[in-house]
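Here are the chains, one letter per residue:
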Amino acid sequence: MPHLHLEYTANLTDLTVDKTLLRLNNVLMASGQFGSEFDIKSRAVKLEHFQVGTSLNPRGFIAVKLSLLSGRSPQVKQQLSESLLAVLQDLSPWPEGVQVQLSVELRDMDRDAYSKVAIG
Amino acid sequence: MPHLHLEYTANLTDLTVDKTLLRLNNVLMASGQFGSEFDIKSRAVKLEHFQVGTSLNPRGFIAVKLSLLSGRSPQVKQQLSESLLAVLQDLSPWPEGVQVQLSVELRDMDRDAYSKVAIG
Amino acid sequence: MPHLHLEYTANLTDLTVDKTLLRLNNVLMASGQFGSEFDIKSRAVKLEHFQVGTSLNPRGFIAVKLSLLSGRSPQVKQQLSESLLAVLQDLSPWPEGVQVQLSVELRDMDRDAYSKVAIG
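Protein chains in written order, with this note's numbering: chain L, 67 to 186; chain B, 67 to 186; chain U, 67 to 186.
This is chain L alone, in the form it adopts within the complex (with noise of 0.2 Å):
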C-alpha cells in the first residue's frame, strides 16, 4: 500500500515512463500520507490496442489509479489525486497533433481483506 497504475497508450512516444513513475511516487511521499517510501508499488503498462471514442481521430491517453487502504477522508483523496494529475500535466511535450487525455482516479481497497509481506 499504495498501489500505483499507470496506463499510456503506445503513440505517446516521448513518454519517459521509468522517470515518471518516480515523480509520481515523490509526490506520494511528499502529501505525507504514508509512512515508508518502500511501500508505495508502481507500475506503467504500455497500451497497443486502444480507442478514445468513436473517432479514428490521433488520440490518446494517460490513465493513473491510486489505491489505498480504506479509511483516508474525501479531502485527502482530492488532493492526492490533484497532485498526481499535476505532474502528468507537467510532462511534454505531446506528440504533435494527438489529442490527449490525462486522469487519475483514486480507489479504496478492503483494509480487512488486505494481506502482505515483505522478503530479503
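Any given hint could be a false lead.
Which copy is meant is left open, because identical chains are indistinguishable; a pair holds if it fits in one copy or across any two.
[To be verified] Straight-line distance between alpha carbons at most 20 Å, and here's what the computed EDC-like set of lysine to aspartate or glutamate pairs gives:
1. K131 / E162
2. K112 / D80
3. K182 / E103
4. K112 / D178
5. K131 / D176
6. K131 / E148
7. K112 / E148
8. K182 / E148
9. K182 / D156
10. K182 / D105
11. K143 / D176
12. K131 / D105
13. K112 / D176
14. K143 / E114
None of these hints come from the bench; they were simulated from the model.
Small disclaimer: the values here were computed from a predicted structure and weren't measured.
Using the hints provided, position chains B and U relative to the given structure of chain L.
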C-alpha cells in the same frame, strides 16, 4: 470517464481487437448515458499467461470491465452490462475446441477524487 | 467469477508463472467457496516498468487481486486473502539482493451488473 478495459486470452487468435473496441464504444455512445464520445477511453490487453480453473483443457476468456463515475442507477448499469456482453457474444468465429467464457463487470469510480484534463 | 489478477515485476526471473496460477486456482477451489472450478479465471502480467518507493535499490513485487461477486463475509475474504498469500510466500527461490514484497487484495464486484456467458 468512462474507462473500458478488455482482457482476452492469447488463444483467441481470431479476435479483431481494434474493431471490437470500436464496436463497444459505439454501443456505449448509443446508450445515451455519455455526453461526449471523446470521453470514452477503451483499451484491450492480450493475456499470454492465464489459467481457467484447475484443468488443462483448452479454455479462454474475454473479460470486460467498465468503470463509471459513481451515481448511475442499478438498472442503467445492468443494461450497459448486458449490451456490452451482447457485443462480445457476436464476436464469432471462436477457435475450434476452446471453451470460451465472456464476462462484463461494471464498477463505480469515486466521483469526488477523479481528476482529468484534456490537452491539445 | 472469481477473477484473479497476478502482477509481477520483470526482475523476478525465477518465477514459474503458469505453475503459480494453477496453484492459486487450486487453493481457491480447496476453499470450498466456489461451485465450479471452471468459473475461476486467472491471469498473470509481467511488469517491465515499475518503481518501488523513491529509491533505486533492487526491489520487486508480486501483487495479487482477487475479484469476487459481492456478498461474502469479511471472515471468508480474510481467509481467502491469507491462503493466497501463503502460496506466494512459498514461491522461492527469490533473486539474490532483490527486496521483494508480496500482497493480496480482495475486492467485490457488483453482483447486479455482472454479466457472463459460456460458449462451446
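Hint check:
no., hint, result
1, K131 / E162, "neither (26 Å within a copy, 31 Å between copies)"
2, K112 / D80, "within (12 Å within a copy, 22 Å between copies)"
3, K182 / E103, "within (16 Å within a copy, 26 Å between copies)"
4, K112 / D178, "neither (32 Å within a copy, 27 Å between copies)"
5, K131 / D176, "both (16 Å within a copy, 11 Å between copies)"
6, K131 / E148, "within (12 Å within a copy, 25 Å between copies)"
7, K112 / E148, "neither (23 Å within a copy, 29 Å between copies)"
8, K182 / E148, "between (28 Å within a copy, 9 Å between copies)"
9, K182 / D156, "between (33 Å within a copy, 13 Å between copies)"
10, K182 / D105, "within (10 Å within a copy, 26 Å between copies)"
11, K143 / D176, "both (16 Å within a copy, 10 Å between copies)"
12, K131 / D105, "both (16 Å within a copy, 17 Å between copies)"
13, K112 / D176, "neither (27 Å within a copy, 24 Å between copies)"
14, K143 / E114, "neither (30 Å within a copy, 28 Å between copies)"
This entry does not satisfy hints 1, 4, 7, 13 and 14, going by the numbered hints stated previously.
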